[in-house]
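Following the hints, put chains F, Z and H in place on chain W, whose structure we already have.
The chain contents come next:
There are 4 protein chains.
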Amino acid sequence: MTTSTQGDQFAVPKSMQAWVLDDPGQLRLTEKPVPQPGPAEVLVRIDAIAFCDGDIRIITKGPPALIQGGLPFNKNFTPGHEYVGRVVKVGPGVDEFAIGDRVAVEVHFGCGRCERCRSGMYTSCLNYGMNYGEHNKGHRANGFTTDGGFAEYAVNNVNTLVHVPDNIGDEEATLIVTAGTAMYALDTLGGLIAGQTLVVTGPGAIGLLTVAVGKALGADPVILTGTRDSRLELGRKLGADHLINVKSENPVDAVKRLTHGKGAHYVVECSGNPNGLNDGMDMVMRGGKICLVGFANEPVSVDVAKLVRNHISVFGIRGEGRSATHRAAALVGQRRFDAKLIHTHTFKMDEVPTAFKYSRERIDGAIKVVVKMRDA
Amino acid sequence: MTTSTQGDQFAVPKSMQAWVLDDPGQLRLTEKPVPQPGPAEVLVRIDAIAFCDGDIRIITKGPPALIQGGLPFNKNFTPGHEYVGRVVKVGPGVDEFAIGDRVAVEVHFGCGRCERCRSGMYTSCLNYGMNYGEHNKGHRANGFTTDGGFAEYAVNNVNTLVHVPDNIGDEEATLIVTAGTAMYALDTLGGLIAGQTLVVTGPGAIGLLTVAVGKALGADPVILTGTRDSRLELGRKLGADHLINVKSENPVDAVKRLTHGKGAHYVVECSGNPNGLNDGMDMVMRGGKICLVGFANEPVSVDVAKLVRNHISVFGIRGEGRSATHRAAALVGQRRFDAKLIHTHTFKMDEVPTAFKYSRERIDGAIKVVVKMRDA
Amino acid sequence: MTTSTQGDQFAVPKSMQAWVLDDPGQLRLTEKPVPQPGPAEVLVRIDAIAFCDGDIRIITKGPPALIQGGLPFNKNFTPGHEYVGRVVKVGPGVDEFAIGDRVAVEVHFGCGRCERCRSGMYTSCLNYGMNYGEHNKGHRANGFTTDGGFAEYAVNNVNTLVHVPDNIGDEEATLIVTAGTAMYALDTLGGLIAGQTLVVTGPGAIGLLTVAVGKALGADPVILTGTRDSRLELGRKLGADHLINVKSENPVDAVKRLTHGKGAHYVVECSGNPNGLNDGMDMVMRGGKICLVGFANEPVSVDVAKLVRNHISVFGIRGEGRSATHRAAALVGQRRFDAKLIHTHTFKMDEVPTAFKYSRERIDGAIKVVVKMRDA
Amino acid sequence: MTTSTQGDQFAVPKSMQAWVLDDPGQLRLTEKPVPQPGPAEVLVRIDAIAFCDGDIRIITKGPPALIQGGLPFNKNFTPGHEYVGRVVKVGPGVDEFAIGDRVAVEVHFGCGRCERCRSGMYTSCLNYGMNYGEHNKGHRANGFTTDGGFAEYAVNNVNTLVHVPDNIGDEEATLIVTAGTAMYALDTLGGLIAGQTLVVTGPGAIGLLTVAVGKALGADPVILTGTRDSRLELGRKLGADHLINVKSENPVDAVKRLTHGKGAHYVVECSGNPNGLNDGMDMVMRGGKICLVGFANEPVSVDVAKLVRNHISVFGIRGEGRSATHRAAALVGQRRFDAKLIHTHTFKMDEVPTAFKYSRERIDGAIKVVVKMRDA
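Protein chains in written order, with the numbering used here: chain W, -16 to 359; chain F, -16 to 359; chain Z, -16 to 359; chain H, -16 to 359.
Bear in mind the hints are in silico, worked out from the structure with no lab data behind them.
Some clues are possibly wrong.
A pair counts as met if it fits within one copy or between any two copies, since identical chains are not told apart.
Capping the alpha-carbon separation at 16 Å, the derived lysine to aspartate or glutamate pairs in EDC-like fashion look like this [claimed, not checked]:
1) LYS331 x ASP358
2) LYS245 x ASP78
3) LYS245 x GLU79
4) LYS245 x GLU98
Just chain W, with the same shape it has in the complex (with noise of 0.2 Å):
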């Protein structure tokens, strides 16, 4: 638990800086109303937060599922959802936050309604992409659907929050809802991987937390593929035991190579390759399962009857679903892991351009790209 000081230090403003998108790919700093929260919600005052991949695609070609109301470009929309601060006002009702806690969020608040929500599958919300308002029935993404945090401030419901240890620095709290993501995968693969053996393809930031998250949990071995060893380096760090740059060796042959001809339990698709699906289902073993998390930005062909005869099962997912991002946050802040490793830059909140610049042409090596929106 972390402790409330409610004071000057938290008081609101009436109105903020933030960050909005206008044509593909152009961002503009403006000011808007400091926004209120409702019951249930809290407004966040933001740290930092970091640019991740689902933020490029929003911010040069929109979401990747359809918004009611169409694109959100030159609509006064704040991108942006892997962001850390602190608590500084709460709706009616609210007493699961209080002022000063320090919190992470999640993506997706789910319309509570549909009956995916009804059972727990709020990141599958069939009212996914509808506008969140006053009566809307919406599901709320953050950054997605919904404002996110380039800005000063934004509120969030309390189903999003995840309380954040002191311990924890603002870039690496900002990792907590990406590791999240491999979380959730994980678990959707059966959750208990102990003494198994996973692959995760494609060392990108929620690949790297992927074998993280999966030596946490005690996969063994952990199998990581790419094309660039300073990456796969990095994942050696976060717990591969194993390497496979796809430039100088099949993929396929060297999961079969060390795992004995037998294949790997469970492979985590990160690459958003459109072949990582082929790649993956002759990867597993019988019986194995897929987890895709990456997006392929293009069709590919599949034989699909190997998945028949091979008795395989592929499993899409979204997000951070079943509190996945509570029990990242737990690992965290066990120290289990170092997701500083993936930090690579940090700018601050008037660069907000150039930090998009380097994040999405990967500029300098850049992996994890921060952005602190407030002087410390």
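Below, chains F, Z and H alone, put in the same frame as chain W:
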């Protein structure tokens, strides 16, 4: 429980008539020694056997997974797995069955020593396809990797047998294992499907029995797609609430219409159409599940990202795992649907090649073609 | 789908007749303002309502868990939760239901913000019993913690409503929520019970409907235990294969006999007999499962080590979680069993105290006592 | 993978020294023929073995379930199941292990033909306790129903063996199977416990390793209750965040305090205290889960209705199902906790009765008492 009557009627000869596979597609009647049951095995006198699409594939192309020792042609191999008969001899230590018991069989007897078998997933046994022998650790699959039922007698492990009540005719009883596959598909999708939307694509024998089992378990509505009205009408008799002839209506549009735009909870793909996975992804709602039963005979272009975007799970399955055949036998015994509806033709033991031809070419509207292996 | 007809027939007055609870056991008819539906809520005009054992407990003793604010006596509280009616007004943003829709209700609307609700376990909401209010985060339970259905109108969250087809009478429709509890018990035991042995102890309304739902889902055999032959005979009509009158035969011995010494797969304890858990432990086979639905009214001596020795799981449940009421409504709509068999008496709105007396004292063999809240 | 070295060092004699059980509590050293491995079996040369509470129970009272043929006294029976050694001979068809491989064992080899074994629940095999023989269908449980490890050699099915890495000492390796029981308990509770509250009651060997495995899997916080501070302190070293000495604080109050009034997610009852279930019911939050591992030695009064009211699940378990020993071995091999901490005493092969006395009477603070079965 059936009663056991030991006597001359179950006397076992030394040799038997059996059909064997010569070149692809060529079946020949020959004489073989009657096999002897070992520990945990019984000898079954075969009364009737049906052709399944899997048999046709084996007889013409070989089995759908690599077999140690290669293809089954010209090896004195007897195919056939959908059979019913009487226990006529029991191996050492067997008390689960007695002489005279009437039984149907399921295909897979797992090796019992790989990690899949240990966890109950015996139809994805890691030793599938390794020939069965005295000290061999191979998984046994009737008529796939070991001698099957187009013969007077066959040996079976007690694990693969289910009791058949006397009120079920031989022809109907051969369908229990087919219903077992349908049951396993629905079990894989979660098991409890009452009150949820089930789409079955492909009105072959498995598809039709998936309709029947799905309806028996309370799915509502059950939607069946296919190309032939006569088959679709059978589906209605077995429990389909809606029929879609894909020649006259786009099945994805039809499912959306019938589900008020929401999409289905579950799709069981039984058509083997390569595009079945693509259609399934468009038919299910967010968070939906697809079970692949049919073997697509060629690769197809798939938009893999759609699985991620819509949080879809896909399950390839083999056989009748998790004791599904026992469950199916219970439903057939309770007369919950009329499996006989899909039985179309009956032949005698010496007419197996003709029966094969009818089944393979769907002559005269053939669905389930049964061979009576002995005179009544 | 039901059709919506808006018109004078659904005009809503300002005030209504409602029964309220004075001292324990004392119900009084009074006048209350008609409540107004908020966001995600509708106003239901109540056509019929049944008494449940839970209502009797509340009216005489208060609800079975601590309620913030204490006991419900002399607080103008209206009990009752098994009701059916028509939607007559919808709150802001509601499009799931329209005026004129015929609906049954389930009891629990979770808070939506505790970790149980987030994971889909809304009937074990951690905020159960905290009164519902404008900004209150409390779980709402019709007739337990908030005003229920012994009134002309009641407000309900859309999550708690299921459509009722027109071919189901009002009396039968009041039983949908009872069947929902039965469905939830069977879901908790694994959901797919086809072909497995189910013992139901206690032929009260929930026990009898557990027999019915269990048989509809294919359990085989279904064994019912009880003390009164008339109730047991109703069980046979609803699907029980074997009846055990515990006055004439030890139920554990009988279950062993009927299962050839093996024991049952599942026991659903609906009798509330304190010894029910002990009997259940002796009835199930190794690895078996017991679901506790009835509330035992006093502690009992239990040989806890037996649970360990025989690898037994025990599940206490509340209410109708996992959308069980929707599943139950589908089975009732498909006429899979005749729920009307357990409806024994009908009273008028001004006869509620008499109806309560019949239900409580089981006068004239009363099982389900229904009150028609308006003239047809 | 360990390497195999075939040679004189693994030469197998005709006869061996073995301890056998005479009257209750009486162990005698004798000569026995070395058993021969059959199909799917290997012969293990035993290097070290530990005493478990289960052994003490068997040696003094017999096993905790009915054994065909009665009690094990004066039958030349060799107890003991927590052992580690080297494969010195392989049965026909075995290629999973080679001569020289270092292995630990788990207790249960299921019959492979009952419905529990078929579904992967081999520790609740329906044929448990039926003696093992040439054609017998009995479940084999090392040192419970068949000869165990207080001997120079023992035969084991390949299913029961796990490889032990060379960096683990013999004493520590004997604890792998104990950690396997802990792992199975946590698997039964859902497997993915990261970030959730785990209470372990009873700091015996299994309790302490449940703390260790629970912490390794990310449970947070882990709370351990017990009566002796020295044992509790060991718990802290193995990962407990909070220690409760039940002599100085009511454990239910303490858990409520430590969980801010909410209660714990999970309780693993390892104390065998008859009141353990009652305490557990009061420690868990609504919807919580309790796993019973300890054998309570007498009945206790239980308020069964509390399970219903608070939607609590209770799981009795036996042994180390679902390949938990493999998972545990992986965690031990990864040095995720220091299992050696609970090893307190070492004896030589001819000192077995003294070792038994130390273990049974907890002399000199004994926890795990290990016997080295051969000179190093």
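Here's how the hints hold up against the structure:
no. : hint            : verdict
1   : LYS331 x ASP358 : within (8 Å within a copy, 67 Å between copies)
2   : LYS245 x ASP78  : between (52 Å within a copy, 14 Å between copies)
3   : LYS245 x GLU79  : between (48 Å within a copy, 12 Å between copies)
4   : LYS245 x GLU98  : between (39 Å within a copy, 11 Å between copies)
The structure fails none of the hints (numbered hints given earlier).
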